[in-house]
Amino acid sequence: MMRNFLREFLHKGLLCLVLIGGLGTSLLARADDEAPDAFIKRISTGVLDAIKSDKAIRAGDMARVVALVDSRILPNVDFQRMTASAVGPGWRQATPEQQKQLQEQFRILLVRTYAGALAQVSDQTISMKPQRASPDDKEVMVRSEVKGGGDPIELDYRLVKTPGEGSGWKIYNLNVLGVWLVETYKSQFASEINAKGIDGLIATLTERNKANAARKN
Amino acid sequence: MMLRTGFCAAYWLRRVLQGMLLVAVLGLQACSSLSAPDHDKDPMEPMNRAIFGFNEAVDAAVLKPVATAYTTVVPDWARKGVSNFLNNLQDMWSLVNSGLQARGDDFSDNFGRVILNTTIGVGGLVDVASKFNIDRHTTDFGTTLGRWGVAPGPYVVLPILGPSTLREVAALPVDMGADPSYHLGGDTTDEVEMLTMKVVDKRASLLGAGDVLDGAALDKYSFIRDGYLQRQRNRQYDGNPPDDDSAP
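For the protein sequence lines, the chains are A and B, in the order given.
Position 176, counted from 1, in the first sequence is what our numbering calls 176; the numbers after and before it change by one each time, with no gaps.
In our numbering, each residue carries its 1-based index in the second sequence increased by 1000.
The following block holds chain A by itself, in its conformation from the complex (with noise of 0.2 Å):
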């Protein structure tokens, strides 16, 4: 039960992480005229080949798993939209100021958390399932599987169509095993927010980010 759970959850999360990476390389591709499926699959499978073949982040080099889950996950990501959605209701009332350090910590907070699991990645493959969306949904969904050794990981994305913005395509929710992480952490901030506010939030954060800084040293 919660092994099983565990193990899947997090240690195969950590590729989702790993796959939206992958989508920063896409800032050379081709803009929007590429199909969300083709376009995940091209990137996740041009990211798992380059963790797999540096050396240094397999041997667990924490500042280079950063480097590259910032260099080539952002741009791909709307970060906004996911920390907005996982705050709920409470980030219309919030300040400018309030959400730009909402959307830091959070940033920062996924990064140093699931980079370290990067490095586990070893001989992984994705498949991608049938698309089920029209050519003209601004939004979808993009559903592909990781297998490789045990049962293999359903990895779920949403996506938004957004034309001329770096490769016409970026991701706002993600979705490991039946698990999405938008409504995950909305549990998370809610809760805190309900006892001290917003300004409680970024505080919990931003001290729970020092907190694993200091850990993994």
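In case anyone wonders, no lab produced these hints; they're calculated from the structure.
Even for Gly, the Cβ is constructed at its ideal location relative to N, Cα and C.
Derived coverage of chain B by chain A (criterion: at least 3 residues anywhere in the stretch with Cβ under 8 Å from a Cβ of chain A; other residues may be distant):
#1 1131-1138
#2 1155-1166
#3 1197-1209
#4 1217-1228
#5 1234-1241
Distance windows between CB atoms, simulated:
#6 P96/A - W1148/B: 47 to 55 Å
#7 S134/A - A1069/B: 51 to 59 Å
#8 E97/A - G1149/B: 47 to 55 Å
With a straight-line Cα cutoff of 30 Å, these simulated DSSO-like cross-link-like pairs (lysine-lysine) come out:
#9 K210/A - K1220/B
#10 K1080/B - K52/A
#11 K1220/B - K1064/B
#12 K1220/B - K100/A
#13 K1064/B - K210/A
#14 K186/A - K1220/B
#15 K1080/B - K55/A
#16 K147/A - K1064/B
#17 K186/A - K1041/B
#18 K52/A - K41/A
Starting from the known structure of chain A, fit chain B onto it as the hints suggest.
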């Protein structure tokens, strides 16, 4: 000597577990009838949090150190053999359940895995089936009950075993009784050794994940709960849960 300590610990663990299970189930009925739930999904949150706290304490004091020592002392190939052996036994139970759930593809895969790994894989020690890309589909009696239409019921944190739902609690005697990876031998000594091996193996495989969880979760209890419930719902609907469009 580690095994002997494990033997004693696991024996008492089982007794305590049975006792607390009884308390949990009785408490469940009491709590559910008493007050209005805060969350629809977690009406027993105060009690669950308490048990969660207990689990964390036991983990920090016993499980994690033992698992860490295990990974330090036992070489990688030996640990892999242990994992494969236990997984193969668990696959046998998954096979039965995929049959009960009438899931033909999963049944075939599990069947292939068990046959290959038990024969060519030398009693399960080598995971031959994965090299042939035969997927693993882990399932248990709790999931089978769900497939037959039993609703999951409230979220329950079990002592030691962790997150569960009422349905899984009901299925627990069947799962623990019939799943061969929980016990193989006839007498208590063998059973306890198997249980110890299973617990240590699982905990060791989660050492890295545990660290990530500590960093990623603002509130570990609700993080685990929400993830567990989402995951269970996803499995229930084969990856297509209704109201899946939950993103804003």
